[in-house]
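Given the coordinates of chain A, assemble chain B onto it according to the supplied hints.
Chains A and B supply the protein sequences, listed in that same order. Read left to right, the first sequence gives residues 1 to 200 (the numbering used here). Read left to right, the second sequence gives residues 1001 to 1200 (the numbering used here).
All clues stand as given, with none of them false.
Computed footprint of chain B on chain A, listed as stretches where at least three residues anywhere in the stretch have a Cβ under 8 angstroms from a Cβ of chain B:
hint, stretch
1, 52-58
2, 124-137
3, 180-186
In the SDA-like style, the derived pairs of lysine to any residue whose C-alpha atoms are separated by at most 20 angstroms in a straight line are:
hint, chain 1, residue 1, chain 2, residue 2
4, B, 1183, A, 192
5, A, 43, B, 1053
6, B, 1053, A, 57
7, A, 151, A, 141
8, A, 200, B, 1189
9, B, 1183, A, 142
10, A, 4, B, 1051
11, A, 183, B, 1190
12, A, 200, B, 1180
13, A, 200, B, 1184
14, A, 43, B, 1047
15, A, 183, B, 1128
16, B, 1053, A, 58
17, A, 53, B, 1035
18, B, 1053, A, 13
19, A, 53, B, 1031
20, A, 171, A, 191
21, B, 1200, A, 179
22, A, 53, B, 1042
23, B, 1053, A, 51
Worth flagging that the hints you see were computed from the coordinates, not collected in a lab. Don't be surprised by glycine CBs; every beta carbon is placed ideally from N, CA and C.
There are 2 protein chains.
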Amino acid sequence: MSKKRTIGVVLFPEFELLDVFGPLEMFGIASDSFHINMVAQSKEAVASRQGPKSVVEHTFDEPIFYDILLVPGGQGTRREVDNKAILDWLRLQAHRAEYVSSVCTGSALLAKAGLLDGVRATTNKRSLDWGVSMGPKTLWQRRARWVEDGKIFTSSGISAGIDMSLALIQKILGPEKAQEIAKRAEYSWNQDANHDPFAK
Amino acid sequence: MSKKRTIGVVLFPEFELLDVFGPLEMFGIASDSFHINMVAQSKEAVASRQGPKSVVEHTFDEPIFYDILLVPGGQGTRREVDNKAILDWLRLQAHRAEYVSSVCTGSALLAKAGLLDGVRATTNKRSLDWGVSMGPKTLWQRRARWVEDGKIFTSSGISAGIDMSLALIQKILGPEKAQEIAKRAEYSWNQDANHDPFAK
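Looking at chain A on its own, in the form it has when it is part of the complex:
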């Protein structure tokens, strides 16, 4: 059995609910293999764009390194791209992490932190131009459900994070386990990273 990996989920005000909890459902089904930590700038519970608040377990200033980073999108990314604390933390973590993943406009945060320079990546199709402007050196893919480039997995908007997280689970635990998880969640997994019905 592979080692248990810790996932650091970055929360910020107005994060998008499904960007976080779609992937966490999939990782959470494989609870033998993944431990989930909710991380934010302060210990205060963080309100999503939709309203419901999530409890924070660890803050950026705690000396914890995560095996896998999960960076959600949401309206809050428009503000967080100018938040030095989150960008510094992402840089610090990303270099040591085994995998770095983002959903929706979470890739704009990674891009702004300089972590996507020369990397093939994607983002929400409704905010593509803004995302692109955050990472002029990123090799943006305009038609992709998700993109895997080395250790970096970026996905398209919102529900695409579920397909991407299953691809990351497949990479780590193999295709049979990923299929089993999708089936347990009664989820019809789009396994083709290039099938993007929402691209223009």
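Chain B in isolation, oriented as in the chain A frame:
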């Protein structure tokens, strides 16, 4: 424009993450039409089966009635079917609510509360026999992505709640709005309630 409806989301320890946050993503995109409230027996934050905790806004003893109930499933339902407080609250709310919805084994809670007697309903396909045992007078549908019977919408396991919530949104706001929301979430909506690839 239709009135703004309040959704009461019932939380209990070991609720399933996506059962709650899949539907809330969809309702939350139509934030002009829906307001979300997280409700539980006490004010303490509630841990999901996967670990992450959600903040509670209101408790069962507050005199608030909700237009729409959302009852998730998860491992915790095995314990909650014997919790008089939640069953009483569901009965009290369900009679006044405009719509009552459940995801996964959430329907076992509705059944145990007697709210599904003579009602066509479905549940998680992996826990079907247990769900059925909680509601001997329920007209259980063994092959259904979700079931609509009058004001009661029940869905199959976990991700089926997303399809069901879009069907409920369609009922309230019309098909164009439901399609627009699915598209915004970059979600390929299974619009056919009878298409259930996870039934045996």
